[in-house]
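Novice: Just so you know, the protein sequences line up as chains Z and L, in that order. Each residue of the first sequence is one higher than the one before, starting from 1 at the first, in our numbering. Each residue of the second sequence is one higher than the one before, starting from 1 at the first, in our numbering.
Check before you lean on any hint, since a few could be wrong.
A partial selection of chain Z residues facing chain L, derived with a Cβ cut-off under 7 Å [as the list claims (entries may be wrong)]: (1) 41; (2) 45; (3) 48; (4) 81; (5) 84; (6) 87; (7) 159; (8) 160; (9) 182; (10) 200; (11) 210.
These are computed hints drawn from the structure, not numbers from a lab. For every residue, glycine included, the Cβ atom is placed at its ideal position computed from N, Cα and C.
If you want the building blocks of each chain, they are given just below.
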Amino acid sequence: MIEALKARDALMQSIRAFFHSEGFIEVETPVRLRTPCMELHIDAEPSGDHYLRTSPELCHKKLLARGAEKIFEVAKCFRQGERGHLHNPEYTMLEWYRTGGDYMTALADTQNLLQAVRCAVPVALTGEWQIFSVEEVFEKFAGWNPVENFDADRFDFDLVEKIEPELPKDCPVVLKDYPAELCALARLKPGRPEVAERWELYLNGIEIANAYSELTDPIEQRARFEKWGAQRHSFGKPVYDLDEEFFQCLEKMPQACGVALGLDRLLMILVSAKSLDEVLPFRE
Amino acid sequence: MYSASDLRKGLKIEIDGDPCVITDFQFSKPGKGQAIYRCKIRNLNTGNSFEKSYRSVDKVKKAALESRDFTFSYEAGDDYIFSDNETYEEVHLSAEQLGDQRFFIVEDMQVEILFHNNKALDITLPNFVEKAIAETEPGARGDTATNVTKPAKIDNGYEINVPIFINEGDIVRIDTRTGEYSDRVAKG
Numbered sequence: 001m002i003e004a005l006k007a008r009d010a011l012m013q014s015i016r017a018f019f020h021s022e023g024f025i026e027v028e029t030p031v032r033l034r035t036p037c038m039e040l041h042i043d044a045e046p047s048g049d050h051y052l053r054t055s056p057e058l059c060h061k062k063l064l065a066r067g068a069e070k071i072f073e074v075a076k077c078f079r080q081g082e083r084g085h086l087h088n089p090e091y092t093m094l095e096w097y098r099t100g101g102d103y104m105t106a107l108a109d110t111q112n113l114l115q116a117v118r119c120a121v122p123v124a125l126t127g128e129w130q131i132f133s134v135e136e137v138f139e140k141f142a143g144w145n146p147v148e149n150f151d152a153d154r155f156d157f158d159l160v161e162k163i164e165p166e167l168p169k170d171c172p173v174v175l176k177d178y179p180a181e182l183c184a185l186a187r188l189k190p191g192r193p194e195v196a197e198r199w200e201l202y203l204n205g206i207e208i209a210n211a212y213s214e215l216t217d218p219i220e221q222r223a224r225f226e227k228w229g230a231q232r233h234s235f236g237k238p239v240y241d242l243d244e245e246f247f248q249c250l251e252k253m254p255q256a257c258g259v260a261l262g263l264d265r266l267l268m269i270l271v272s273a274k275s276l277d278e279v280l281p282f283r284e
Numbered sequence: 001m002y003s004a005s006d007l008r009k010g011l012k013i014e015i016d017g018d019p020c021v022i023t024d025f026q027f028s029k030p031g032k033g034q035a036i037y038r039c040k041i042r043n044l045n046t047g048n049s050f051e052k053s054y055r056s057v058d059k060v061k062k063a064a065l066e067s068r069d070f071t072f073s074y075e076a077g078d079d080y081i082f083s084d085n086e087t088y089e090e091v092h093l094s095a096e097q098l099g100d101q102r103f104f105i106v107e108d109m110q111v112e113i114l115f116h117n118n119k120a121l122d123i124t125l126p127n128f129v130e131k132a133i134a135e136t137e138p139g140a141r142g143d144t145a146t147n148v149t150k151p152a153k154i155d156n157g158y159e160i161n162v163p164i165f166i167n168e169g170d171i172v173r174i175d176t177r178t179g180e181y182s183d184r185v186a187k188g
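If we strip away everything but chain L, and leave its shape as in the complex, we get:
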């Protein structure tokens, strides 16, 4: 159990059997009154967000979450199949569940999957992935300015903004947490 003073943004808790995450947190304390911890909460099963306030004396259940290491195996239709590094058990995650993260998954990628009662809830990719630029307008010769960007596509069609000096075939590093260009790894 957590006490209300443990609550903070990002904490995973359980409400009515559902795993939830605190997405916003505010401490209030009126005049001579008791502390009130006002939380915005997202239900990780349904995706619904709601608000809930706790008093200092309230207890909040910890979400029984388990995180395991997986390796990406293969793609089948809209499903992405990962295998447990220890038990080789396979887990399917749909393109919808993965969202934009699916664009950054590469062969044999090591990922962490978060489970609640054996149901996969969330996936954490390595922070950076290297991808080849499949399509972009040619950059002007000698132009190394980094604050000017242009659109580019990687092999699976995902579009990012890259500096003007990036060309087709270059290998770039993408930050999987933001989905944004980070730096150039190699010239094509």
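Bound-form chain Z, shown alone:
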């Protein structure tokens, strides 16, 4: 466990050094929110009359709207009912945004970050990056196209059971261009609105980061939140109030891209751990 603590310390130092050298500033945003982000399958933990954040995303975008250009945060986040060898209800997310770029700019940032991290921790993330479209891997490993014929249940089952086990483990793998139905806050691809500009990074076959070209259209964003609110209601899940300030900020927010990266999982990979149990000193 002491080795894992030392590795985490080295990782944190290299992450902060990387972002500062790239001109990002570290920010701190509220952990308790009145209006957590309305995602279909992410449940927020109540905290008095607030909720614990499931992501710092909405606050970061408010900062971009107020003029911040490159920001990052090492953010403790909370998700109800998520516990497994790759999940803990309380975990650390590294989230960063930069204005002006799209999801491919975010990919370059991620590649540079992991290059910098590799120097700090004595384990290599070797292999050329491989980038596949979601359509490509589904057609190859599951035999259907989820963009042409979207089926939410089939998508999740096949992703977990057919796709993820087949992804190469010896190099970073990126899946990009998700069906438009599966993008909470991502922009639809210009000229191809049936897919969203979103990618997910896998290291060692483990999902590590999610990135978007950010949606800046408050009308479309509101419509998505309202649609999920209705679906959450039909599942018997709590429906959160909408963050009106967030919609107002979106109007002023410049085009931007952002990445959320699971730091505990990255640490697992760097120290070759099989479970979060090996890197989180306090697991219930």
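With the hints as your guide, set chain L onto chain Z.
Specialist: Relative to the frame of chain Z, chain L by itself:
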């Protein structure tokens, strides 16, 4: 009914009328997707194992299992006969059904038998049983090391590894859950 979030290793559930036990359990949740509970399941009637995944919205039937206290009565051929502590009803379990557990059954032993629709599925013995060592090589005098072991047999021929200081006639305690030597109760 269980909801998918109740699922865990060891839970007994019913699938298509058959009692089953979850032998391995993994929580997965892809990116923005729904939670998927991936289970390895053993059918307790047939012994077959298979895999099945559930979503959070899925419901899973509880196995209608009943557990009753029995006393071991006697052995008849390949059958072991137990009697219900309350109703005195007799239940036969075959050597095959009992597996290695049959070696640890002793006179008047109190056991718990698990039933599904009045069919005996599983038996739970007390965690420890005391048995005499029937056969083993003599141990070296004064050698009390516990990390060196040698094979030994108990009266019914079951073989276990015991520390080197155990001799024929000694009474040892065996952990019935693992089938392994636990400690010495008395010198022979």
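Novice: Indicate, hint by hint, whether the structure satisfies it.
Specialist: Consistency of the hints with the structure:
1. 41: holds (5 Å)
2. 45: Cβ of residue 45 (chain Z) sits 14 Å from chain L, so the hint is violated.
3. 48: violated (24 Å)
4. 81: Interface hint status for residue 81 (chain Z): holds (6 Å vs cutoff 7 Å).
5. 84: Check passed: Cβ of residue 84 (chain Z) comes within 3 Å of chain L, closer than 7 Å.
6. 87: holds (6 Å)
7. 159: OK, holds: residue 159 (chain Z) within 7 Å of chain L, min 5 Å.
8. 160: holds (5 Å)
9. 182: holds (6 Å)
10. 200: Interface hint status for residue 200 (chain Z): holds (5 Å vs cutoff 7 Å).
11. 210: Because about 6 Å separates residue 210 (chain Z) from the closest Cβ in chain L, which is inside the 7 Å limit, the hint holds.
Of the hints listed earlier, those the structure fails to meet are numbers 2 and 3, in rising order.
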